[in-house]
Amino acid sequence: MKTIKTLLAALVISFFSLGGAQAQTKPATALSETELKEKLESLGHDVKPVALNNNRTGYYIDVTFKGQKASMFVQVSPSGSYVWGTLDLADLKPEHAAEGARLFKLLQLNQAEGPNHFYVTPDGKRLCITRGLFNKSLTTKELREHIDGLLGAATATVDHWNVTTWTAPPAVGRMDK
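First residue of the sequence shown: 21, per our numbering; consecutive thereafter.
It should be emphasised that the hints constitute simulated quantities derived from the structure, not laboratory data.
Some hints could be false.
Subject to a maximum C-alpha distance of 30 Å in a straight line, what follows is the list of computed BS3-like cross-link-like pairs (lysine-lysine) [to be verified]: (1) K68 with K113; (2) K113 with K156; (3) K113 with K125; (4) K161 with K89; (5) K89 with K68; (6) K161 with K113; (7) K125 with K57; (8) K113 with K89; (9) K86 with K145; (10) K145 with K161; (11) K57 with K89; (12) K86 with K113; (13) K113 with K145; (14) K68 with K161; (15) K125 with K145; (16) K57 with K156; (17) K57 with K161; (18) K156 with K145; (19) K161 with K86.
Start from the sequences, fold in the hints, and give me the full structure.
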């Protein structure tokens, strides 16, 4: 339990040090959700819209990752200041929580591999990597580089997040207590 609290504290520090909690103002030349969709389509992606809170829309696109098709989620941030790409990396099981050193390494990679950020979903079931790009006069080329950069970072760090190679000891007791 102490390890989990330490990791959560490190995650919060990492989040704030990388600017995740800073208030941002939407640039006058920011892409709208509709313009983002159009740019993704112009890159040849089959865009699947997803309704979000507050009448917002995000988009799933198919990408090639590790030689297979994968879905990446792309959205304009609620403030309109960033375009975020998110890639699901792995399903997490309760026994993965015992791999504190590996999870700590992913937090360190947030700084080394920035502007990419590793995170665990609020339900604790998915390990993801996300990347933000300042939403100001984005060209189709910059959007392509943003997507490719996220895929490149995920590929470069696969040895750290590939949970199939983790050798966690069997969980002792229940993880939800």
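Status of each hint after checking the structure:
Simply put, K68 and K113 have alpha-carbon atoms about 28 Å apart, close enough for the 30 Å limit, and the pair holds. Annotation: proposed proximity of K113 to K156 is violated, straight-line Cα distance about 39 Å (limit 30 Å). The hinted pair formed by K113 and K125 meets the criterion: a straight-line CA distance of about 18 Å does not exceed 30 Å. Using a Cα cut-off of 30 Å, the hinted pair K161 and K89 holds, with the two alpha carbons roughly 22 Å apart.
Between K89 and K68 the alpha-carbon distance is near 15 Å, which keeps this suggested pair within the 30 Å criterion. For the hint pairing K161 with K113, the CA-to-CA distance comes to about 38 Å; that exceeds 30 Å, so the pair is violated. Annotation: proposed proximity of K125 to K57 is violated, straight-line Cα distance about 34 Å (limit 30 Å). In summary, the hint linking K113 to K89 is supported, as the alpha carbons are separated by about 23 Å, within the 30 Å threshold.
For a cut-off of 30 Å, the pair hint linking K86 to K145 stands: about 21 Å separates their Cα positions. Restraint check for K145 and K161: the C-alpha separation of about 33 Å exceeds 30 Å, so the hint is violated. With a C-alpha separation of about 20 Å, the suggested pair K57 and K89 falls inside the 30 Å cut-off, and the hint holds. Of the supplied pair hints, the one linking K86 and K113 holds, its CA atoms being roughly 22 Å apart against a limit of 30 Å.
For a cut-off of 30 Å, the pair hint linking K113 to K145 stands: about 7 Å separates their Cα positions. Distance hint between K68 and K161 is fulfilled; the C-alpha atoms sit about 21 Å from each other, no more than 30 Å. Distance restraint check for K125 and K145: the Cα-Cα separation of roughly 18 Å lies within the 30 Å cut-off, and the hinted pair is therefore satisfied. Restraint check for K57 and K156: satisfied, since their Cα atoms lie roughly 16 Å apart, inside the 30 Å limit.
Between the alpha carbons of K57 and K161 the distance comes to roughly 14 Å, so the proposed pair stays at or under 30 Å and holds. For the proposed pair K156 and K145, the alpha carbon gap of about 33 Å is over 30 Å, so the pair is violated. Straight-line distance between C-alpha atoms of K161 and K86 comes to about 22 Å, which keeps the hinted pair within the 30 Å bound.
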